[in-house]
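Novice: For reference, the chains in residue letters:
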Amino acid sequence: MAKSYANIARTKFDQNAEVDFLIIGAGASGGIIAKELATAGFRVVALEQGPYLSEKDFVHDEFKFMQQRAITNDYKRQPNTFRHSEKEEAKVQPAIIYGRLVGGGSVPFAANYWRLHEIDFIERSKLGPIAGTGFSDWPITYAELEPYYTKAEWDLGVSGAPGPFDSPRSRPYPLPPLPIKSSGVLAERAARKLGWHAQPAPMAILSKPYRGRSACAHCGFCSYFGCEMEAKSSTLTTVIREAEKTGRCEIRPNSYVRQIEVNKAGLVTGVTYFDENRKERFQAAKAVVLSANGAETPKLLLMSKSSKFPHGLANSSGKVGKYLMFNGHANAGAVFEQQLNEFKSVAVSRIIHDFYNCDPKRGFYGGGGLDTRFVQYPLGFAIRGLPPDAPRWGREYKRMLAEQYTRTLTVLCHTTSLAVESNNITLDPHVKDEWGLPAVRVTYTDHASDLKMMQFLQDRAKELLDAAGARKVWARPVGPQSFGFHLLGTCRMGNDPKESVIDKDHRTHDVPNLFISDGSSMVTSGRGQPTCTIQALAYRASDRIVQLAKSGEIKSAL
Amino acid sequence: MGSKTISRRRFFIESCAGVSSAWLLSNVLDIPFAQEHAHQAALSPTPTKLEFLSPEQAAEIEAIAAQIIPTDETPGAREARVIYFIDRALATFASDDRPAVMKGLDDLQSRVRKRFKNSGKFSELKSKQQIEVLKSIEKGSFFELIRTMTVCGMFADPSYGGNYNEIGWKMVGFSDDFAFEPPFGFYDQESEAK
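One line per chain: the protein sequences are W and R, in this order.
Counting the first sequence from 1 gives a position; the working numbering is that position plus 892.
Counting the second sequence from 1 gives a position; the working numbering is that position plus 1.
Just chain W, same shape as in the assembly (with noise of 0.2 Å):
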């Protein structure tokens, strides 16, 4: 596929003509969207603040990818700054991560690839409201979203077989699970034990050849890596390349939005962005698609400020970037008397999910998943990867790093986190990035529930490495996160255009030529791994954007 794709022609529009739709963002939601409406007949530009690589730029080197950051966002060139509420004066520190490149992070993510369950839509009507929180149902349920799930995991590939807890599916998964790991088969003996179910991992990676891509060699590269076999399912080999074949979608590396702009009447009218060479350009659109991602959609927004909006675009119900959400984590880590060798193959091959659904009786809300695995490169392990009474350096570092690297294995927690309207994603006044845009300022700190439902499963994880017959295990204590990995709920998804930022067909309450799907049309955090929930949200939101097109329901400023 790899040697046929570099013969296709690429599409290149004139900067100076308009296209009918315009997408900000062409990662794990941006990449299905351009391809569904290149494929309905659209014209489509997608701008991506990263470079477009491709698997030949996908090598092993740990120090490249994972330390120096070279497909993910750079906080030298991008800074954060990060506090624990708006008490505190925000810190410069790394507070989120995403992926930066054409693909996004479908590309370095680890393609864990969990649906969400029905309960999850629902959870608020079930179990009441929580006090000081926006904790709500979402406006659509599982059945709505339940063909788009199906979607994704054909139209991308993904590799698995149902658990005994998963909401009904219409179709089976397109490829069987991978093989099991050392990993799963200690989870699925500590399970059996405690009268808990391992469940084959869902994963975005292909178990055998499909649709002209090679199966997954197990070099066990995935997280922080784009893979070279084109094997894990990102938007990168997959979809933006069916995108591209149409032949009416270009998609533009290095293209960094600073305005979204706005007519008179208070339609889109086009975006001005940097391109590569820092250049200002604009580009006409007769309507705007945002999906950058749970922090950049709404910085985005809050810096497209004009005399109509004067709180930042789409953003009359003052909820943009508010209901931050990251999921709680926590783990555990052990050390197994025989060789797991957990750096061969995919990430995760057993979850489990008995501790999903809340339960009255633990007396806080929250859900999560488990997995067991231990993504570590060696260098990584060196610096902190042994237990937290292990000496840092000498003899005795030394040998525990020869004899534990192959040895240890991790269970990981996945947690809900609840909607609080002071988690948010807001601009920082003082500090600037390389272009001289504000910095994402996150502030954020855990409802005491999510602390106390980290803690919990952090206790199972535990219960599961005993069960397993761990040599020794230890877990460093559960406390407030200052970082997140999933960027969601910040441009929430509802009815009332007075408590959420876009209405069930992703179009925002206030602007009606623009949309927005991606981890911040979230209404609820999920249970951990929420790209496939993110990507079936695209291919839903794709299928409105088209009938509302088809049908002259999109009002357009050209």
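Accuracy of the hints is not assured; some may be wrong.
List time: in silico SDA-like cross-link candidates among lysine to any residue, alpha-carbon distance up to 25 Å [as the list claims (entries may be wrong)]:
1. W:Lys948 x R:Glu167
2. W:Lys968 x W:Pro1145
3. W:Lys1364 x R:Glu191
4. R:Lys136 x W:Ala1282
5. W:Lys968 x W:Lys1100
6. W:Lys1100 x R:Glu193
7. R:Lys195 x W:Trp1088
Take a look, some chain W residues computed to stay more than 10 Å from chain R by CB distance [said to hold, decoys possible]:
8. Gln1230
9. Asp1246
10. Lys1447
Hints are computed from structural coordinates only; laboratory data are not their basis.
In this text, a Cβ means the ideal position worked out from N, Cα and C, and glycines have one as well.
Keeping the supplied structure of chain W fixed, place chain R upon it in accordance with the hints.
Specialist: Frame of chain W, contents of chain R only:
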């Protein structure tokens, strides 16, 4: 951070991004050059010349690195040529850290001179004495920087100049193959056999 506790994310950031050393976040654009450069060195049978450090400075840093990952029954930082990784890093993408390294070496010299009434050369101390000195500075930023650099030189891809002959990877049992086949480890093999 107000809290002393560490969540998994925080743990991950610290373990993988090495927040102790700003140079890990340095401009990636400098890397291809440094890498190409180092690649030549990695191919040559004998280490190339130092580019930034003087031989005396290199001897001091290498002596520290050799205590962090010592040579015993198996090769350590010295055999992995960690010093060439560090020298090259300081010559290129980690040039911002030169002042911290120079100051750290000066401080080390004064400390050694005061304690042992000698020339101040750390590398000339007996191993036991070196360990004593390092224990007195192990909480400081200079030690942390050299530790991070040593670990990177030990385990980064050999094309960066260290991890000579994949000594670091062999030590921990890692191998950078393009393909593996199941079973991957003991427990899945055992399970398959049943």
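Novice: For the pair supplied as a hint, Lys1100 of chain W and Glu193 of chain R, confirm whether the alpha-carbon distance does not exceed 25 Å.
Specialist: At roughly 20 Å apart (the allowed maximum being 25 Å), Glu193 of chain R and Lys1100 of chain W satisfy the hint.
Novice: Would you check whether the claim that Lys1447 of chain W is not at the interface survives, using Cβ distances to chain R and the 10 Å cut-off?
Specialist: holds, 42 Å
Novice: Holds or violated: Lys968 of chain W with Lys1100 of chain W, Cα cutoff 25 Å?
Specialist: It is violated: about 40 Å lies between the C-alpha atoms, which goes past 25 Å.
Novice: Regarding the assertion that Gln1230 of chain W does not contact chain R, is the least Cβ-Cβ distance greater than 10 Å?
Specialist: Gln1230 of chain W not clear of chain R: closest Cβ-Cβ about 4 Å, inside 10 Å.
Novice: Would you mind confirming whether the straight-line C-alpha gap from Lys948 of chain W to Glu167 of chain R stays at or under 25 Å?
Specialist: Holds, at roughly 23 Å.
Novice: Quick one, are Lys136 of chain R and Ala1282 of chain W close enough, alpha carbons at most 25 Å?
Specialist: Satisfied, since the Cα-Cα distance of roughly 15 Å is no more than 25 Å.
Novice: When you check the alpha-carbon spacing of Lys195 of chain R and Trp1088 of chain W, does it fall within 25 Å?
Specialist: holds, 22 Å
Novice: Would the non-interface assignment of Asp1246 of chain W survive a Cβ cutoff of 10 Å against chain R?
Specialist: holds, 20 Å
Novice: Check the hint pairing Lys1364 of chain W with Glu191 of chain R against an upper bound of 25 Å on the C-alpha distance.
Specialist: With a Cα-Cα distance of about 21 Å, the restraint between Lys1364 of chain W and Glu191 of chain R holds, given a limit of 25 Å.
Novice: Straight-line Cα separation of Lys968 of chain W and Pro1145 of chain W no greater than 25 Å?
Specialist: With a Cα-Cα distance of about 20 Å, the restraint between Lys968 of chain W and Pro1145 of chain W holds, given a limit of 25 Å.
Comparing the model with each numbered hint stated earlier shows that hints 5, 8 do not hold.
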